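Asks: Chain A is fixed; fit chain B onto it per the hints.
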Amino acid sequence: MKFKTKSILLLIFFLFVKNEIFSQEILEKQFEYAKSLYNKEQYFDSITEFKRLLFFDSSHKFNFLADNYIGDAYKMGAKFSDAIHYYTLAEINAKNYNDLFLAKVNIIRVNILRRTTDRALQLLDSLDNDGRFLNRKKEISYWKGWTFIFADKWNMASEEFAIIDSNKTLQKLCEKVDKEKYSVVFAQIISHLIPGAGQFYTGHYLSGLMSLAWNGLWGYLAVKAFINNRIFDGFMITNFLWLRFYNGNLQNSKNFAEERNLKITNKALGYLQFDYVGTKP
Amino acid sequence: MNKIFFLVVIICTVSFPQVNNSSKSMDLFSPINVKKFADYLFCQRDYLRASDEYEKYLLNNYNDTVAFKIGIANMKMGNFDIASKKFSAVSPKSVFYDLSKLEHLKANFRIGNFYDYRNLYEDLNLNQDFKYTFEARELYNFSYFFSDASLPPRNKILSEFPQNEQPQINQFYDWKSSPPYKSPLTAAILSTVVPGLGKIYTQEYSDGVFAFITVGLLGYLAYANFHANHNFRGWLFSALGTGFYGGNIYGSAASAQIYNAKISFQFFDDLKKYLEEHNYFIPLINFCK
Numbered sequence: 001m002k003f004k005t006k007s008i009l010l011l012i013f014f015l016f017v018k019n020e021i022f023s024q025e026i027l028e029k030q031f032e033y034a035k036s037l038y039n040k041e042q043y044f045d046s047i048t049e050f051k052r053l054l055f056f057d058s059s060h061k062f063n064f065l066a067d068n069y070i071g072d073a074y075k076m077g078a079k080f081s082d083a084i085h086y087y088t089l090a091e092i093n094a095k096n097y098n099d100l101f102l103a104k105v106n107i108i109r110v111n112i113l114r115r116t117t118d119r120a121l122q123l124l125d126s127l128d129n130d131g132r133f134l135n136r137k138k139e140i141s142y143w144k145g146w147t148f149i150f151a152d153k154w155n156m157a158s159e160e161f162a163i164i165d166s167n168k169t170l171q172k173l174c175e176k177v178d179k180e181k182y183s184v185v186f187a188q189i190i191s192h193l194i195p196g197a198g199q200f201y202t203g204h205y206l207s208g209l210m211s212l213a214w215n216g217l218w219g220y221l222a223v224k225a226f227i228n229n230r231i232f233d234g235f236m237i238t239n240f241l242w243l244r245f246y247n248g249n250l251q252n253s254k255n256f257a258e259e260r261n262l263k264i265t266n267k268a269l270g271y272l273q274f275d276y277v278g279t280k281p
Numbered sequence: 001m002n003k004i005f006f007l008v009v010i011i012c013t014v015s016f017p018q019v020n021n022s023s024k025s026m027d028l029f030s031p032i033n034v035k036k037f038a039d040y041l042f043c044q045r046d047y048l049r050a051s052d053e054y055e056k057y058l059l060n061n062y063n064d065t066v067a068f069k070i071g072i073a074n075m076k077m078g079n080f081d082i083a084s085k086k087f088s089a090v091s092p093k094s095v096f097y098d099l100s101k102l103e104h105l106k107a108n109f110r111i112g113n114f115y116d117y118r119n120l121y122e123d124l125n126l127n128q129d130f131k132y133t134f135e136a137r138e139l140y141n142f143s144y145f146f147s148d149a150s151l152p153p154r155n156k157i158l159s160e161f162p163q164n165e166q167p168q169i170n171q172f173y174d175w176k177s178s179p180p181y182k183s184p185l186t187a188a189i190l191s192t193v194v195p196g197l198g199k200i201y202t203q204e205y206s207d208g209v210f211a212f213i214t215v216g217l218l219g220y221l222a223y224a225n226f227h228a229n230h231n232f233r234g235w236l237f238s239a240l241g242t243g244f245y246g247g248n249i250y251g252s253a254a255s256a257q258i259y260n261a262k263i264s265f266q267f268f269d270d271l272k273k274y275l276e277e278h279n280y281f282i283p284l285i286n287f288c289k
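Protein chains in written order, with the numbering used here: chain A, 1 to 281; chain B, 1 to 289.
Bound conformation, chain A alone:
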């Protein structure tokens, strides 16, 4: 009797395990199918199939992977908020520190891409201070470097990349951009002192000359009017002509410096987007 009961229980157990294995196989196949769609860049369908997998996976075995893939697919479609939502779910479903780190970094990468760099830095700092990730300091610095690039702080990016020995390319690029960039404040200060100097500094020589000439002319006429006791004329020329050109000169020097900087940074970002072979946000 005892033997019989044992046999029956064993059989029931066997059948249960068999069913479980069978379901797992189906879910495994579904995972592979969804992954293949993702690899074929069919992101919409891939998201649908991963969501189907999540819906039917009552054991939650695929939660982390599927959430992560869905996040990736949304990211590829530039649906950044949805991507962050799924990466956050992946973070919740992470089974070990490596998964957790991956999910957190993915969230940071999306924040870099959508230029919410303050948030990215905040998350990176919390990772930096997290005792579980002491052996991932280099990766943290790497993403800090990228965050600074997107925050237009190239010198700080270069400092972060300097921590990583293997990434001299990025460090050199950031240093180069930082050196090439024009100082907007300097351009404005010299234009305050000598009208047109800021334009000269940014390579807009004709504009600089014109600015200098106009300011010289109206300045001369204004001073002459004041010297000749034509106070009203002096005020009119100063207010409506001289100051107008003087302010225009300051605005121009600022705009020119910013335009130049934009060109320089866009060129560097273009390189990073198309030619740089390392991991990108």
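Just so you know, these hints were derived from the structure itself, not from any lab. Here the structure is a predicted model, which means the values were calculated and not measured. Hints are not guaranteed to be accurate.
Here are the computed lysine to aspartate or glutamate pairs in the DMTMM-like style, where the Cα-Cα straight-line distance is at most 25 Å [what the hints assert, rightly or not]:
hint	chain 1	residue 1	chain 2	residue 2
1	A	Lys29	B	Asp148
2	A	Lys138	A	Asp128
3	B	Lys35	A	Asp45
4	B	Lys36	A	Glu32
5	A	Lys35	B	Asp52
6	B	Lys35	A	Asp57
7	A	Lys35	B	Asp46
8	A	Lys35	B	Asp129
9	A	Lys61	B	Asp27
10	A	Lys79	B	Asp39
11	B	Lys35	A	Glu25
Replies: Chain B in isolation, oriented as in the chain A frame:
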């Protein structure tokens, strides 16, 4: 031992169909699972995917709830044309038939196709069995606030709405029957007589005061310079003053037009908010309990 052997055989015989059944329930693309998944997506507000999955389900099965939910999903996504077609295709035998007619009305309303909307309403109104005549009539009467058609008498419109809604509907009626527009011509004339007054009329108070002071100051400077025989400056300030004066007249007329556009926008915005709050007078069905 024989008994045990027989027992094993019996259990195995029973077990294989069970495995098969299990495999059926684990076929993720079986119609029942597709529907379950679509319901999940619908409740997750992933309407595009839910709609796709429902369409897949309908390829081999018919389910009036599913057909109706495809329409709702499209309405949620703002695909009013598709939603309109989906609602019009719901079978008359369906429990959702009347509701889908009401949603169909709403879809035409949202498209702004008031001609089709009114025709559809007339058809529904003639149908004695239609359950939502009152709701349809509310939306029908409300549509007058959106269109350029002449308004029916106030009492007729108000009588179609519940007592507690009538004050708000009355306000909409007031606005629509005599919109509080400012006349660009009046604004221009006022600014011609007193610089800046047209701007004050269009509630641009600071602009009005600034225009008055500027034109006044330039006029005074022109006068003072002519008086002191500084003719060049006199003409300079006259020209500037005239420019400001003309500009202010034109600006006042433009300001009236901007004012009218603003309050029109506000009015239509209020109408839309009211409709959203009342779900376009359509009873809400919660499919995600």
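Asks: Holds or violated: Lys35 (chain B) and Asp57 (chain A), Cα atoms, limit 25 Å.
Replies: holds, 16 Å
Asks: Is Lys35 (chain A) close enough to Asp129 (chain B), meaning Cα to Cα at most 25 Å?
Replies: Given pair Lys35 (chain A), Asp129 (chain B) is violated - Cα atoms ~52 Å apart, limit 25 Å.
Asks: Can the restraint linking Lys35 (chain B) and Asp45 (chain A) be considered satisfied, given a maximum Cα separation of 25 Å?
Replies: holds, 17 Å
Asks: Assess, step by step, whether the Cα of Lys61 (chain A) is no farther than 25 Å from the Cα of Asp27 (chain B), and give holds or violated.
Replies: Between Lys61 (chain A) and Asp27 (chain B) the Cα gap is close to 18 Å, so the pair holds against 25 Å.
Asks: Check the hint pairing Lys29 (chain A) with Asp148 (chain B) against an upper bound of 25 Å on the C-alpha distance.
Replies: violated, 59 Å
Asks: Take a quick look at whether Lys35 (chain B) and Glu25 (chain A) sit within 25 Å of each other, Cα to Cα.
Replies: Distance ~22 Å between Lys35 (chain B) and Glu25 (chain A) Cα, so the pair holds.
Asks: Hinted pair, alpha-carbon criterion (25 Å max): Lys35 (chain A), Asp52 (chain B). Please report holds or violated.
Replies: holds, 20 Å
Asks: Next pair to validate is Lys35 (chain A) with Asp46 (chain B); report whether the Cα-Cα distance is within 25 Å.
Replies: holds, 20 Å
Asks: Given the hinted pair Lys36 (chain B) and Glu32 (chain A), is their Cα-Cα distance within 25 Å?
Replies: holds, 22 Å
Asks: Tell me if the straight-line CA distance from Lys79 (chain A) to Asp39 (chain B) falls inside 25 Å.
Replies: Holds: Lys79 (chain A) and Asp39 (chain B) sit about 23 Å apart, inside 25 Å.
Asks: For a C-alpha distance cap of 25 Å, please report whether Lys138 (chain A) and Asp128 (chain A) respect it.
Replies: Holds: Lys138 (chain A) and Asp128 (chain A) sit about 10 Å apart, inside 25 Å.
The earlier numbered hints that this structure contradicts are 1 and 8.
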